[in-house]
Amino acid sequence: MNAIQIEKLTKVFPRLPFSRQPRCVALKEVTLEIKQGTLYTILGPNGAGKSTLIRILAGLTPASAGSVKVNGRIGLFMSGGQSFWGFLTGWQNLEYFCALQNIVGREAQKKMHETVDLFEMGSYINRVAHTYSNGMKHRLLLARTMLNDPEILLLDEPVTYLDPVAAREFHLLLRKQLNQSRKKTILLSTHQLEEAQEISDTLGFLLQGTLVWEKNAELFRSRQANLLDEYLQTAGHRLA
Amino acid sequence: MNPPILTVKKLWVFLLVNLRRDTHGFIGFVARYLWIFSLCFIYGSFFKAVSWQNNTQFDGHSIDYPLFLVSGLVVVRLIPFSIKIFEDILSQLKNSGLMEWFLVTPSSFWELFASRALWNGFRVLTEVIALIGFARICIGTPVRPFLQSAVMQPIFFMFVAYVGIGMMISGLSLFLLRKSNFLFTAYLQVSTVFGGVFFSTELFKDKLRILSYVSDSLPITHALRAVRLALVCGGASNSAADGRILTMIALILAVTGFVVLQRGLIWAKKNGEFSKELYN
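First to last, the protein sequences are chains A and B.
In terms of this note's numbering, the first sequence opens at residue 49 and continues consecutively.
In terms of this note's numbering, the second sequence opens at residue 33 and continues consecutively.
Chain B extracted, bound-state conformation (with noise of 0.2 Å):
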């Protein structure tokens, strides 16, 4: 069987199929961000309505709430597309039925994961423009400040490090778990609830300190700190701290996810563990 090679026109070819496939079609495409409008029309007139606090405070800092509120809702807008870049190319040639036939092809499960990797970043880019476009229109954020390398660093990691995680999750269900969405689901609610996304994660004192643990643990908390640090006082100086252990939890977790998966892969390709009744 020949080696697998991943040229330009064949990532194209894969590219085309994930985005028929996620969009289908320019009406869908632009359907897809609508919601990011409705979201931030009721945030707008939610604030409006309550009068609520106009200042968040958080690291003996404080900030704006609305650009608390949309630094919050872009980076949480990561999750599910780094996290979900291996289940979901898994679980399209489980569900297509393609899954016997890819294996007998020269081709490799990381070319798949490279044209999704592609595609995800792209919508990523695109979703994340339309979100601040919007917020910027609808509760007047200013947009500026998100053009600042010290805001897209850590946001950068943190999506390595949610993809190391999914990386992770895929793998470990490959060996183990064989039905792995809920974990999917589970993570990306913690991280949403405790990553300090809609509030100052400020509040898990006292009582609520060991909460405080989990949120220090999941690499959005530390990415959403260091992001508003930087808009806060416009430099990566006072975000370095956060920036270094974000660092170094994307990287652990990058390396340690690849080689979880890698394993996974062979393992099941080995053990004839592809088939469909393992996945149903």
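The shape of chain A in the complex, shown without the other chains (with noise of 0.2 Å):
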């Protein structure tokens, strides 16, 4: 069964009054399915539509035409910057965000601690936010994802501002504890090639809004073929 089903999605900017900017075709008749239970990762250089790709998903922007269809609960991880309470503790943070999605009291406070367990955030859940590093910080955000049981998970580009060290955990802890062991269907979009060659189950290069190519990912792992040849050759020959 598909988790995620996507049909000649076309999304148009349209030039604002008064505004310099162009009219934007961002998405240009995108066809994609996303099995329940598998991990997908969308790859693309800048402005190639991944973010409204998963805006259109999570609701936040309307398409322009084609149809989308998304079974089951969405967790929604966006890019840029911090989007928690930087004067609350990471356990406060974490009361509001289940607050915010109707869980309160007792069912809060299991869930909370589940969440924390989960992603070993115990030794500085109880410290103020702003004091937290990249990698705490990516964790709580993980964490608040987490906190309503999603089905699905939409990450944008969760790793932008963490080292490559921290990334590559960060990678590993969504496939094994919420791909593998939670069977969450996740869609990533991310530019580090080589966890995403690692971690993923199908993998998708998305240019200029078109979906140029869908592959399995295993093609790669077993060095079939090269992903940054693929990737180099696929943007450069489009760019040219």
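Because the hints were derived from the structure by calculation, they are not lab data.
Being a predicted model, the structure only gives us computed values, none of them experimental.
One should not assume that every hint holds.
PhoX-like cross-link-like pairs, simulated, lysine-lysine; straight-line CA separation at most 20 Å [stated by the list, open to error]: (1) K158/A with K302/B; (2) K185/A with K83/A; (3) K301/B with K117/A; (4) K76/A with K56/A; (5) K301/B with K185/A; (6) K159/A with K41/B; (7) K126/B with K301/B; (8) K83/A with K263/A; (9) K126/B with K117/A.
Could you fit the two chains together into a complex? Lean on the hints.
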């Protein structure tokens, strides 16, 4: 069964009145299916339409044409700095996020304890959040995403601000704890090619709003093809 | 997605976030009120130093200037708390980067607005009590009159009127203006200058008559006139006309503001206009 089904999805940002920015076609007839319990990684250069695709799936941006079906509760992780209260502790932040998800009282406490254990945040969860390192912040944000026990995780460039070690840890956490153990369907957008090929089931390449190719990640893991070569060839060829 | 459910526990969590954000602990909470002491002290010293007029004339009545000023200060302090309830929440979500995540939760903006309104109501109450108390200590204004319902009623309706204006500006900013902070500041300044906080609006006559139209269109002018008449005359009978106008203005503004903001939220959500770029 498909967790996400997208057919001929098109997104056009019209030219705004009094703006010099021209009309922009962010997505052009994108069609893709993501099976339940799989990890799908979407690759592509900046401006390819990855974030727009995730925003449309999350219901934050309306599509211009085409259809989108999402079968399950969504957990969203958007890139771009911290999105929590820096003046609260990690625990207080989780309490607030639980309340926004309509989870309060004992249920919230239970959920928070489970999440803190899952992401191994016990040693710093009672510290004020603005003192966290980037890795800790990312864990807090991922913990927040998990509070409503989503079936589908939409992660937009979650490791942008992480060093290579923390990024690798984060990706392995996604694969082992969430995808393999808890059978979450994950749509991940990233620029980390090595980790992408290591943790994904399927890789898709988006360029200038078009899904150029979709390949089984096993192809790259078994060295039948090289992901970096494929990436450069596709991006270079199309951009030339 | 589950519908929004505002439970007491949920409201309590939101209130705690507001408290922690605005006070930064007990010391911050105390410091917040020190300005009131300074303000009263400065005005008290000023009166004595320049031996300024003891009484101010308005609507054919005479009122002690300290009482005139303190009632003005008490009422004008309500404006920033009432007018920015909605913008505070929207800008907090935007600045913290929480907006996108918030939009995929089952909670509604109105739940956050309700918690902010409660928190701001508490702040107003404590600030007004502090201001009246310090005014009593520093410049000897009487405390008892502020407890009368004839005084509290216009203050309440003025609060409602400014809540309505706040909703309208926030709603319009979602549709059209995008950046609305200057409107809040401008409206606050106009209300403070032309509402009769520091001087009687009777000054606006002859060549300044045009300013009296501006003054009469502000809820604060009617609220202050009603409050001061009640203080001078000891009851609501003389301030009934201003009370009626204020009630009407408050109801119209509150209903219109609610409709505009509700439409703005729905429109922005539907069209994906809550993105960070919109606010930056």
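query: Can you give the numbers of the hints that this structure goes against, from lowest to highest?
result: Hints 1, 2, 5 and 9 are the ones this structure does not satisfy, whereas the remaining hints hold.
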